[in-house]
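Q: Each chain, written out:
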Amino acid sequence: MDAMARLLITRREAVLAGAAALSASALPAPAAALGQMDTAIRNVFGEATIRAGKVTLDLPPLVENGNTVPMTVSVESPMTKDNYVKAIHVFNDKNPQPNVISLKLSPRAGKAVIATRIRLAGTQKLTAIAEMSDGTLWSGTEEVVVTLAACLEDLP
Amino acid sequence: MTARALINVPRKAKRGDVIEIKTLISHVMESGFRTGTNGKTIPRDIITSFACTYNGEEIFATQFYPAVAANPFVTFYTIATDNGTLAFTWIGDNGFEVTQEAKIVVE
Amino acid sequence: MVATLMLGASASARAQGVRPYTVVGDAIPASLTGAPGDPERGLKIVTNRQVGLCLLCHSGPYPEERFQGTMAPTLAGAGTRWSEGQLRLRMVDAARISPETIMPPYYRVDGLTRVAPGFRGKTILTAEQIEDVVAYLKTLKN
Amino acid sequence: MEKRLRLVAPALAIVLAAIASLAFAEIPLSQRRSGYEQMSREVKAMQDDDTSNPASLSVLDGEALWTRREGSAQKSCADCHHDAETSMRGVSARYPAFDAAKRRPLDIEQRINLCRTEKQQATPLPFESRDLLALTAYLGKQSRGMPIAVISDDDTKPFIEAGRQIYARRQGQLNLSCQNCHDDNAGQKLAGVELPQGHPTGYPLYRLEWQSLGSLQRRLRNCLFGMRAEPYAYGADEYVDLELFLMWRARGMTVETPAVRP
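As given, the protein sequences belong to chains A, B, C and D, one line each in that order.
For the first sequence, this note's numbering gives the first residue as 9, with consecutive numbering after it.
For the second sequence, this note's numbering gives the first residue as 1467, with consecutive numbering after it.
For the third sequence, this note's numbering gives the first residue as 785, with consecutive numbering after it.
For the fourth sequence, this note's numbering gives the first residue as 6, with consecutive numbering after it.
Isolated chain A (complex conformation):
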């Protein structure tokens, strides 16, 4: 029944949507065509080439609510002194803000795998971009279907 409770709350959802609209309208004009995730990615990496591959985003394809979604990012890399993952950035397309998490790694990690839990305001795509020690950029994208948008019950 709580699913119904969540669906019945309209005011906060409206506010959340408003906040998203506001942040989108603050973006420079050419960015509007790109969407918030691609814009954010370009803001970090400029015009550098980003190739698809080596990065795997592991997320449940369908979640009951977006407030706490488990996410694992893994990057194919030997993680040696000469060949390792320097950084990983994760972006989203529909939250009020496009960034999710950024992290720095070193060869001492042994394995370029990290797991965390994130918030998703509705069904959307996520992209993780790995920056390698040789300067190349690799990306992986995944879509998560959120059965209901992340919103609140009435406050207790």
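Quick caveat, the hints were computed from the structure, so don't treat them as lab data.
Misleading hints may appear alongside valid ones.
[Unchecked claim] Subject to a maximum C-alpha distance of 30 Å in a straight line, what follows is the list of computed DSS-like cross-link-like pairs (lysine-lysine):
| hint | chain 1 | residue 1 | chain 2 | residue 2 |
| --- | --- | --- | --- | --- |
| 1 | B | Lys1478 | A | Lys94 |
| 2 | A | Lys102 | D | Lys194 |
| 3 | B | Lys1488 | A | Lys112 |
| 4 | D | Lys162 | D | Lys124 |
| 5 | B | Lys1478 | D | Lys49 |
| 6 | B | Lys1506 | A | Lys62 |
| 7 | A | Lys102 | B | Lys1488 |
| 8 | B | Lys1480 | A | Lys89 |
| 9 | A | Lys62 | B | Lys1480 |
| 10 | A | Lys62 | A | Lys89 |
| 11 | C | Lys828 | D | Lys194 |
| 12 | C | Lys925 | C | Lys828 |
| 13 | B | Lys1506 | C | Lys906 |
| 14 | B | Lys1569 | A | Lys102 |
| 15 | A | Lys133 | D | Lys162 |
| 16 | A | Lys62 | B | Lys1569 |
| 17 | A | Lys133 | C | Lys906 |
| 18 | B | Lys1569 | A | Lys133 |
| 19 | A | Lys94 | B | Lys1506 |
| 20 | A | Lys62 | D | Lys194 |
| 21 | A | Lys119 | A | Lys94 |
| 22 | B | Lys1488 | A | Lys89 |
| 23 | A | Lys112 | B | Lys1480 |
| 24 | A | Lys119 | B | Lys1506 |
| 25 | B | Lys1569 | A | Lys89 |
| 26 | A | Lys102 | C | Lys828 |
Following the hints, put chains B, C and D in place on chain A, whose structure we already have.
A: Below, chains B, C and D alone, put in the same frame as chain A:
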């Protein structure tokens, strides 16, 4: 009550082993995008960074955004190199700072 | 079948703006508003999960709508299965046909228990909305 | 004649209630399923591993509170009950339990607050406060893995029955009962969500939606809100009776506290 953190580091490892480290900390991660019952935006209150050092050297560092869920949970890996101490530090809005340590024996 | 005539809304309900209606057998033959509804508005109500709530329990012919309920029969073909008047009574107060139904009474304010303050004395849908939904459901032919 | 009718009416009501409860489609004991079984692999893993289960943080809080001296008596829980791992083993699995002085069942939250007011001479902890949730999580953890074992006897039966009546009563603008969803339609989908049977095996529990720990009463409040019904006040007899009925309905099922649910 102060923030509470849970860390899972193997007590013992063989030199060169890749070990899994799990961390969990209590924090609301108030996104700054929510509205309170009074109609006003609830101010942002999040952890903004988390880092781990191994015998003083930084081996892992993250930046968190409001999209990280409440009670942040992070799992990562590192190579067991020496006996010693892993120190975990979370820093956030409103002067939030928590450091916790774990010992490891490397054979 | 013998037609039973019943006066729908009680005096107290009428005072709160619920219009009287007449049940004939298992139907309310006459429009609650005296005018036909608008099927296009009806479709919007049915697929709006905050207004009609229909898709929480029912599924329907909406391939683009994810997550439709399975607690109640599909709405597809409703206009073939039921007459306009039968649809209207099923919307207004389905418990008159089957007391055990989980279908909420969309146009009834009395005989309810512990209604939350914000909803007290209010029907789930207005008479106009009921007519819109009935007009829309009538278009759902097999 | 009129007088006789008046005498007969209550008896008739009882007979009708008995018929109603016979018609009541109870889930056979062998077919009961915890909400855990409907969860995804990821969420199950979150509950199963202590470092991964966010409710563990509250269990640690509760452990610290157990030994904290409170109130004008300056007594801690441990001063009377000693090591919770032995003294509190199986206790939560038996709650709500009958209190002879109050002549009605109390849930574990009320039991803790009775200790606070009477033994520690401290103020009661508010429902859903961090400390009360932490203590109930810590106590619940001491029963993890044990069967739910609320007592059904002459003292508690009337309250179990009262809880059952609330469970079966249509409420709110949507005119639904708990039973409509959690017995008659368990396993069906309410929009995208598979309806659970509604067994309170893991409270207090961490709901991913709440992003925090919450009590069974908070969960019941959610359902009432969804039915557009007026919630009861926290601590109301109706909630405790309902909790008792639900625990009795889940008798023999395994305590999962502190559980994780979507």
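Q: The structure should be examined with respect to each hint, and the outcome stated for every one.
A: Evaluated hints:
1. Distance check on the hinted pair: Lys1478 of chain B and Lys94 of chain A sit about 27 Å apart at the alpha-carbon level, within 30 Å; holds.
2. In summary, the hint linking Lys102 of chain A to Lys194 of chain D is supported, as the alpha carbons are separated by about 26 Å, within the 30 Å threshold.
3. A hinted pair counts as satisfied when its Cα atoms are at most 30 Å apart, and Lys1488 of chain B with Lys112 of chain A qualifies at roughly 17 Å.
4. As the CA atoms of Lys162 of chain D and Lys124 of chain D are separated by approximately 29 Å, the hinted pair is consistent with the 30 Å bound.
5. Annotation: proposed proximity of Lys1478 of chain B to Lys49 of chain D holds, straight-line Cα distance about 27 Å (limit 30 Å).
6. For the hint linking Lys1506 of chain B to Lys62 of chain A, the alpha-carbon distance of about 44 Å lies beyond 30 Å, and the restraint is violated.
7. Between Lys102 of chain A and Lys1488 of chain B the CA atoms are separated by roughly 28 Å; this keeps the pair inside 30 Å, and the hint holds.
8. Of the pairs offered as hints, the one joining Lys1480 of chain B and Lys89 of chain A holds, with about 20 Å between alpha carbons and a cut-off of 30 Å not exceeded.
9. As the CA atoms of Lys62 of chain A and Lys1480 of chain B are separated by approximately 29 Å, the hinted pair is consistent with the 30 Å bound.
10. This hinted pair checks out: Lys62 of chain A and Lys89 of chain A have alpha carbons roughly 18 Å apart, not beyond 30 Å.
11. Between Lys828 of chain C and Lys194 of chain D, the direct Cα distance comes to roughly 22 Å. Compliance with the 30 Å bound is thereby established for this hinted pair.
12. Of the supplied pair hints, the one linking Lys925 of chain C and Lys828 of chain C holds, its CA atoms being roughly 18 Å apart against a limit of 30 Å.
13. Taken as a hint, the Lys1506 of chain B and Lys906 of chain C pair is honoured in the structure, with Cα atoms around 29 Å apart against an allowance of 30 Å.
14. Restraint check for Lys1569 of chain B and Lys102 of chain A: not satisfied, since their Cα atoms lie roughly 41 Å apart, outside the 30 Å limit.
15. A C-alpha spacing of about 53 Å is found between Lys133 of chain A and Lys162 of chain D, which places the hinted pair above 30 Å, so the restraint is violated.
16. Under the criterion of a C-alpha separation no larger than 30 Å, the hint pairing Lys62 of chain A with Lys1569 of chain B is inconsistent with the structure, at around 33 Å.
17. With a C-alpha separation of about 40 Å, the suggested pair Lys133 of chain A and Lys906 of chain C falls outside the 30 Å cut-off, and the hint is violated.
18. For the suggested pair Lys1569 of chain B and Lys133 of chain A, the alpha carbons sit about 39 Å apart, so the restraint of at most 30 Å is broken.
19. Annotation: proposed proximity of Lys94 of chain A to Lys1506 of chain B is violated, straight-line Cα distance about 40 Å (limit 30 Å).
20. Between Lys62 of chain A and Lys194 of chain D, the direct Cα distance comes to roughly 38 Å. Violation of the 30 Å bound is thereby established for this hinted pair.
21. Note on Lys119 of chain A and Lys94 of chain A: the hinted pairing holds, with a Cα-Cα distance of about 12 Å set against a maximum of 30 Å.
22. Taking the CA atoms of Lys1488 of chain B and Lys89 of chain A, the gap is near 24 Å; set against the 30 Å cutoff, the hint holds.
23. Our distance criterion of 30 Å between C-alpha atoms is met by Lys112 of chain A and Lys1480 of chain B, whose separation comes to about 25 Å.
24. For the suggested pair Lys119 of chain A and Lys1506 of chain B, the alpha carbons sit about 44 Å apart, so the restraint of at most 30 Å is broken.
25. Distance restraint check for Lys1569 of chain B and Lys89 of chain A: the Cα-Cα separation of roughly 25 Å lies within the 30 Å cut-off, and the hinted pair is therefore satisfied.
26. The suggested pairing of Lys102 of chain A with Lys828 of chain C holds, with an alpha-carbon distance near 24 Å, which does not exceed 30 Å.
Hints 6, 14, 15, 16, 17, 18, 19, 20, 24, counting from the list given before, are not met by this structure.
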